[in-house]
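Q: Letter by letter, the chains look like this.
2 protein chains.
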Amino acid sequence: MPRLDLSADVVALTRQLVDIESVSHHEEEIADAVESALRTLPHLAVTRRGHTIVASTDLGLGERVVIAGHLDTVPLNDNLPARLEDGILHGLGTCDMKGGDAVMLKLAADVTAPNRDLAFIFYEAEEVDSVFNGLRKLTESDPDLLQADFAILMEPSNAAIEAGCQGTMRVDVRTTGERAHSARSWKGVNAIHLAGPVLARLNDYVARQPEIDGLTYHEGLNATGIRGGVAGNVVPDECVVEVNFRFAPDRSEADAEAFVRDFFEGYDVTVTDLAAGALPGLDRPAAKAFVDAVGGGVAPKFGWTDVAQFTKLGIPAVNFGPGDPMFAHKQDEHVPTEHVERCERILKEWLS
Amino acid sequence: MPRLDLSADVVALTRQLVDIESVSHHEEEIADAVESALRTLPHLAVTRRGHTIVASTDLGLGERVVIAGHLDTVPLNDNLPARLEDGILHGLGTCDMKGGDAVMLKLAADVTAPNRDLAFIFYEAEEVDSVFNGLRKLTESDPDLLQADFAILMEPSNAAIEAGCQGTMRVDVRTTGERAHSARSWKGVNAIHLAGPVLARLNDYVARQPEIDGLTYHEGLNATGIRGGVAGNVVPDECVVEVNFRFAPDRSEADAEAFVRDFFEGYDVTVTDLAAGALPGLDRPAAKAFVDAVGGGVAPKFGWTDVAQFTKLGIPAVNFGPGDPMFAHKQDEHVPTEHVERCERILKEWLS
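From first to last, the protein sequence lines stand for chains A and B.
Counting from 1, position 218 in the first sequence corresponds to residue 218 in the UniProt record's numbering; the numbering is continuous, with no gaps.
Counting from 1, position 194 in the second sequence corresponds to residue 194 in the UniProt record's numbering; the numbering is continuous, with no gaps.
Each statement offered as a hint is correct.
Pairs involving identical chains hold if they fit within one copy or between any two copies, as the list cannot separate such chains.
Straight-line alpha carbon distances no greater than 25 Å define the calculated SDA-like cross-link-like pairs of lysine to any residue that follow: (1) K187 / P197; (2) K312 / R284; (3) K187 / R201; (4) K348 / I88; (5) K330 / E178; (6) K187 / F327; (7) K348 / V291.
Simulated from the structure, these hints should not be mistaken for laboratory data.
So that you can see chain A by itself, here it is in the shape it has in the complex (with noise of 0.2 Å):
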């Protein structure tokens, strides 16, 4: 097993969780690596689920905070080991989320003495289907394990705040006509053709930009996919439109539905996928109190991340981390040094 040196500096603490290999569903390693490291410190409770890890001080503070990161990454595209040059660390789950994890470490290591409780999770699966998902799996196994007055999820935004999430949901819309042969086409009846009204409401759709707690949400509405097509001589019976739909967080879940299904009214909608947004909280006093330690202003975060899984316990939640989420996921991932650097050194001052 790998071993982490918590007392190297956080760059270097990185590169060494970059360089332990933890695609999706292979994260026994690291967080093997993590464990044991978190219980060489004294100050810190460790429970383990699976290869989710939980370090908690408990110093009755009256004020808890949790700061989540998930160990997994997305699979390897010819991009390891890490690699330092000119300030940046290159190499799969530096940006997403691993530089992250690494201020976490720093945090549990040298943080002693925290101004207010602290929990630590570093949780697996982040990266695949919800089921798998590290930190879902403890909303619903040890929900106290998370009760908290303010979660900072470690999620890639620039070293900076960006605040809540919005939702999303994908529908497929089918259009569903009579097959025929091409060659005697006006005995059938053309589902794709069927489909044209469908791309022209998509097409005439106008974003709602709601403005929540002084930040502009920007909804969108897209087209994902299409399908449809039995063989080139066949006029098709089916014809499938797959439909993402990313919703402001004041919108529910029952809401967002009603909203689609009455966008496409006259046509059949199935429902694939359905998450809800989570709401900045910025109004909450611990969100409010980390907002101004940060300084600088608050982005709304458009992209669903699990800032939603506290919000869906009732506690604020905000997305914090160094990165910039355009990199994620793509062959040149990389991260700053700088961006590292900053988020330790603002939550070791806010925490002391």
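With chain A held as given, fit chain B onto it using these hints.
A: This is chain B only, laid out in the frame that chain A set:
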């Protein structure tokens, strides 16, 4: 090698042919059987090219008729051997088109002193890409063997005459956008949405139905496929609508292409396949005589068939064969024995 018994009745002979498996590209065995049967007939000169057999009389009769049929079938679908039940012969190839082949063999064997010179063409690979088509190859390698005043293609047409055939053209109509993450969709351009107006035009299409030689053809313009999409969280940058244009035989290939390009003006159109139709040619004396001999009406052929190969050589040609073309390529392919017998009787009378 199986042997064919040319003294058997035409239904028994159909059954013999059906029971020799001959999926496209596997016609050697059936071609061997047909060739050796024909070589027992002293009034015919036999030529073989690949698995295509031509058997001709050379009586100097001043008029020549070609009768053609393909030997291959589409793939097996648990529908062999042949099964005779209540006057219907079931099995792969019964309809498309070994009933017609059996009629040709009976004519070859029994009409030893025809009133017109004859050429029988049994050819390979009609059911696959046209580069393999035995009749097409023959038009290029041995056009002399096909010279005739009139041609009969024994494709299934309910034992009645279907004249000419419509042309067929395939195009890809492509829209191009710009990729973006679907959580920030306003940063991209959705190529599937851009395909909406393409489908709208197809929806509004009104089919031309020209009358040619007293027959009413019926064109058709249909999406036979549509594809687009990168991933469930990506605004896609490309969408392709596959369109099949079936056009009346008064249009040339160039005319058909011009129509389609004009119809989709403003879009990127790529022609992927184009085959002209065949004019009915019912004004030609040989064709007229045959129509009179068969009696009854003449229908237009909507589907494309190899009659177009003869048209390219300036030879009027019709479809006339046993079986309902709606059952070609179906698991329950079958032919009424009455159709096979009627075709044999009519042709024998006309040629004797």
